[in-house]
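Could you build the full structure based on these sequences and the hints that come with them?
Listed here are the chains, written in short residue letters.
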Amino acid sequence: MSHAVTDPQVQDTRSLAAIPAPQGSGAPTYTLQPKRAADGTGSGDLLEVSMGPQHPSTHGVFRMDVVLDGERVLKLKPVFGYLHRNHEKIGENTTYLGSMPYTDRLDYFCSLTNNWAYALTVEKLAGLRPPERAEYIRVITAELTRLQNHASLVGFLLQDMGAMGTPLMYAFREREWILDLFESLTGARMMCNYMRFGGCRCDLPPGWLEAATQLVSGFPRFLDEFEALLSENEILLSRTQGVGVLPRALAVNAGITGPMLRASGVNYDIRKVDKYGIYDRFKFRVPLGEHGDVYDRYMLRILEMRESVKILEAALRDIPEGPIMDPKARLRGFRPKPGEAYGRIEAPKGELGFYVISDGSPNPYRYRVRPPSFINLTILEDMCLGHHVADVVIILGSVDIVMGEVDR
Amino acid sequence: MSAPVLGQGIIKGLVETAKNFVNSYVKEDRLVTVQYPEERLPQKEATRNFPFLVYDGDDWQKGLRCVACLICEKECPPQCIYIVKDTVRKPDATGKLQFQPKVFDIDTSVCMSCQICVEVCPFDAIKMDVEYELSTGDRFGGLLVHKQQLAKSNEYYRKIHSAESAEVDARLGAERAKAEAKAKPTAGAKPA
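Line by line, the protein sequences give chains C and D.
In terms of this note's numbering, the first sequence opens at residue 189 and continues consecutively.
In terms of this note's numbering, the second sequence opens at residue 48 and continues consecutively.
Calculated from the structure, these hints are not laboratory results.
Predicted model only: the values in this text are computed from it and were never measured.
Where a beta carbon is used, it is the ideal one built from N, C-alpha and C, also for glycine.
A portion of the hints provided could be inaccurate.
Stretch by stretch, here's where chain D covers chain C in the computed footprint (C-beta under 8 Å, at least three residues) [to be verified]:
hint	segment
1	275-288
2	374-387
3	410-424
See the structure below:
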């Protein structure tokens, strides 16, 4: 409360000497002085707003301290850590298998892709290879996760724009059917805990493939309906085109990955670059944006959903019979040899990476998560400068953050 | 993307919502809300919520499959299982004397339903229950479940997870038959 503000844009007219020491109760006894822009720009006082952690449109417990001149943003400081749960420290004190349920809770919308990233890393560390059928199941579940994540994200973005929940509920209707599939496969709708080191926990129940095929064949119709509802809406167009532009060079320099990077025009999709799993067998395109604004990010997610449907159709058709676990894999007493591994996947939000160092004991020595939402958030200020407060909310919505992942 | 008529995009969207609204009266699949608690969705085979202990037969103390090997307590990630081994041993289904738990507590406020205890149990003694209407007003221990509340019969297990329990019964039945077949020649040789 009594720190000096050293930002050149803002001149704080208080000084430390002017604040008397608290007497008795220790209650602050300073008087607030209004801030003025140092270079005389702006129409008067600056307003510092804390768009605090309790806010319906901050996508979780996330705080933004914005300094406003009227309604235009001069400075934005993101403050997070309200959901920090010591995931990485717990990982050092739990076995490798015991960390798997905790990875579900990182990006709690997309638990199956989190599981896959962790399983991939530990498989690299221990030299395990999952069999064919397990790889196909992983691709199917990951693409279903991508579908429901992108649909929910578009719903939340429209909610931030004031659409009062209609597109959100349309998206959630499809999401519920996908979650029903996950429940019949893994036992839980969201916290699936399904991947294991060397394969998957259990095989597909009878009738699952037919139900999934039916859902995937109905999805393009849902996307057409969704696009008819949204894509030509004049309010959406005027609120999102040209807003929150992220230039290509800045995106690459800041380490942005995922749909935000591709919306800025950089052709980098880890499914095409690393070809992890069996993604090299599927033909799908990578949509790219031209302007890097919020509208490009929204449209990119709709197009990515269409590409995911193509991958799903191919995978559901070609899935072979066979075992689902590597015969060398062990559930208990799993001690990989000392070493380190970094495994990454194209999660729906960006590049989700796990860096695990093993020292031969049942617990990892170091367990680090590279969260895409956290790293994508670092560029929030640069995108929001000069925009209105309402645009800040929309730009935050298009970044696609989940605080479970940002804070771990 | 600019429309010839201003407002055409919005009207297109309104047509979609109107279609959905009218169809919700006419078509079955447009009205997806389940009116809980009057209606409940049917339980899926694989659904899991919190663990429970399985016992064979009618006596929950004599038929409890758990032999207090402490593997589930060790593997549980949030460490919500608390077991105290009993000094008195009891015979299991094949007649062999086994350990048993004196205290078996699961703190369901800590349990995250990850199912790892079920995966690592070598005796098929702990399985996942599907009860979810478990809220209680007692904050201090109302969600701590003890051995007697945890013990549920194999018939109940068959009711909630028919495919999984069929597989477990088949496997355990085969093991018991193998154990009995091994015991028979020695029993025949003994009188001689």
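How the hints compare with the structure:
1. Requiring three or more residues with a Cβ within less than 8 Å of a Cβ of chain D, the coverage given for the segment 275-288 of chain C holds, as 6 such residues are present.
2. Coverage of a stretch by a chain is defined here by at least three residues with a beta carbon nearer than 8 Å to that chain's beta carbons; for the segment 374-387 of chain C and chain D the count is 5, and the condition holds.
3. Beta-carbon proximity to chain D at under 8 Å applies to 10 residues in the segment 410-424 of chain C; the threshold of 3 is reached and the given coverage holds.
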